[in-house]
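Throw the hints in and build the complete structure from the sequences for me.
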Amino acid sequence: MKVQRVSLWLLGAMLILCSVRTHPLRRCWISMDMRHVEESFQEIKRAIQTRDNFHNVTILSTLGALQSIKPLDVCCVTKNLLAFYVDRVFKDHQEPNPQILRKISSIANSFLYMQRTLQQCQVQRQCRCSQEATNATKIIHDNYDQLEVQSAAIKSLGELNVFLAWIDKNHQETSAA
Amino acid sequence: MRLFYALISCFFTDWLMALQSSSGGVSGLAWHLWTHGIADLNLPPHLEADAPFGIVGGHEGMCFHAKDGVASLPAPQNLSVHSTNMKHFLTWSPVILPGETVHYSVEYQGEYESLYMSHVWIHSSGCLLTEEPKCDLTDDITATVPYQLRVRATLGSQTSAWSTLKRPFNRNSTILTPPRMEVSKDGFHLVIELEDLGPQFEFRVAYWRREPGAKEQAKVVRSGGVPVHLETMDPGATYCVKAQSLVKAIGRCSAFSQAECVEVQGEALPLALALFAFVGFMLILVVVPLSIWKMGQLLRYSCCPAVVLPDTLVHGCERAAHLGEARGVCIWKGRSRYPCHQWMTRGSPGSQESVSRIQR
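These protein sequence lines map, in sequence, to chains A and B.
Sequential numbering of the first sequence, starting at 1, is according to my numbering.
Sequential numbering of the second sequence, starting at 178, is according to my numbering.
No lab work stands behind these hints, which were simulated from the structure alone.
Predicted model, so just to flag it, every value in this text is computed and none were measured.
The reader is advised that the hints may include incorrect statements.
Stated by the list, open to error - Quick list of in silico lysine-lysine cross-link-like pairs, DSS-like style, CA-CA up to 27 Å:
hint, chain 1, residue 1, chain 2, residue 2
1, B, Lys362, B, Lys392
2, A, Lys169, A, Lys45
3, A, Lys169, B, Lys396
4, B, Lys425, A, Lys45
5, A, Lys138, A, Lys169
6, B, Lys264, B, Lys425
7, B, Lys264, B, Lys311
8, B, Lys425, A, Lys169
9, A, Lys45, A, Lys2
Here's what the structure looks like:
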């Protein structure tokens, strides 16, 4: 009877340990000063958003649905959205105003740095994409493709505050990280 | 004349140079291109042809640029970047032309631009046509990626070729110095004020009691230039403090500064003083009455008042002598006065010496 009880305890302990391993509490977070990126964006937000003529469409529509997601998905979604901006939005946007160009350059280069940091973190930890995260990213790309390139780029730039707020919320510094 | 217009549209200033220095003039040049094609072109010595950019009106269009160092302003040399505590400065050897003031322009290109749009260069905000061979790039280099930098000199309508930094500069190579700190005590409070290095800096302060086996404590100070309270000190102890700066944007921190120590006045000293004072007071309390009493005794013997001694007193001496007590009473004998006990030692009540009384 005693042996059975001990083995039950052991089994319980093993199950707990295993579950802890499969859902790591630590997550990949971006250790950088987001404040500067947010400040840069604030300075050009008005100018960019007034150039957006399509008020009924939102590109980052699914980000709202992704407010509370699993730690693993945070890494995947961040990676995908950074790639979206770096590979598509900043490249497609032609900025004539030198002042705004400076700020966009600052943001673009900061995003590049964030991608690098995330990549390093990815090597050490899991950054798998769940179906939900993949679908959400696809919807964003589809939204972007719906519009003409210039308009899509301007609109996405105008929605940077949504993305930055999302990063802030999901990449808060934790003592574990 | 479409090709003529094509020539105008690229590198306007260089085309003007062609206009100034070629003897044939532009229309001659254009005519040359129009009829004979690019291969037959005789370019003036200081111009070089770029690759053809396209077909216009059935002929190839072409851009020209000034060759380096040929009858134009020399480009600045020896570009280098010095960066300390996240303040970045680009310096170069000045282009010296006697009697002329040369101006410089600086442009930068982040890694993003290098990878995705390599033709895009951005003017540095503080260094457009600057006179000093120095540029503060702190507000331009705002991401932790390699930046390409280039400078050119301008004199009037002449501009030099671009001189580019050999190796791109990444701000994570900045030199972080240990922060300057002012350690002070406000009563028993240990207070530190660190130098203000800007919003990107945080500080880690370590402090400990200078005694064997004391544990080091740490505190994070978010910004410099403001006094921060570390701890309330125990009296009589010595506390030491050291600090290092931390820049999250590049994930690096400086070395720790030299430790600075402060000592607190102990309460033990006042205690000793109080004890000493108490002992002294007690001594005084005992000694003073004793000495007064002793003084009184002496006075009774040696200091006799010049008063009329009533008979009773004289007789008092006798009586006192009779009683075996003749101290403290004085009698006159002639002009001298003697205390009774001396009179007693000199002679008995029936002595020959007369006892005179002073008549006032």
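Comparing the hints with the structure gives:
no. : hint                : in the structure
1   : B:Lys362 - B:Lys392 : holds, 20 Å
2   : A:Lys169 - A:Lys45  : holds, 20 Å
3   : A:Lys169 - B:Lys396 : holds, 26 Å
4   : B:Lys425 - A:Lys45  : holds, 25 Å
5   : A:Lys138 - A:Lys169 : holds, 22 Å
6   : B:Lys264 - B:Lys425 : holds, 15 Å
7   : B:Lys264 - B:Lys311 : holds, 13 Å
8   : B:Lys425 - A:Lys169 : holds, 18 Å
9   : A:Lys45 - A:Lys2    : violated, 69 Å
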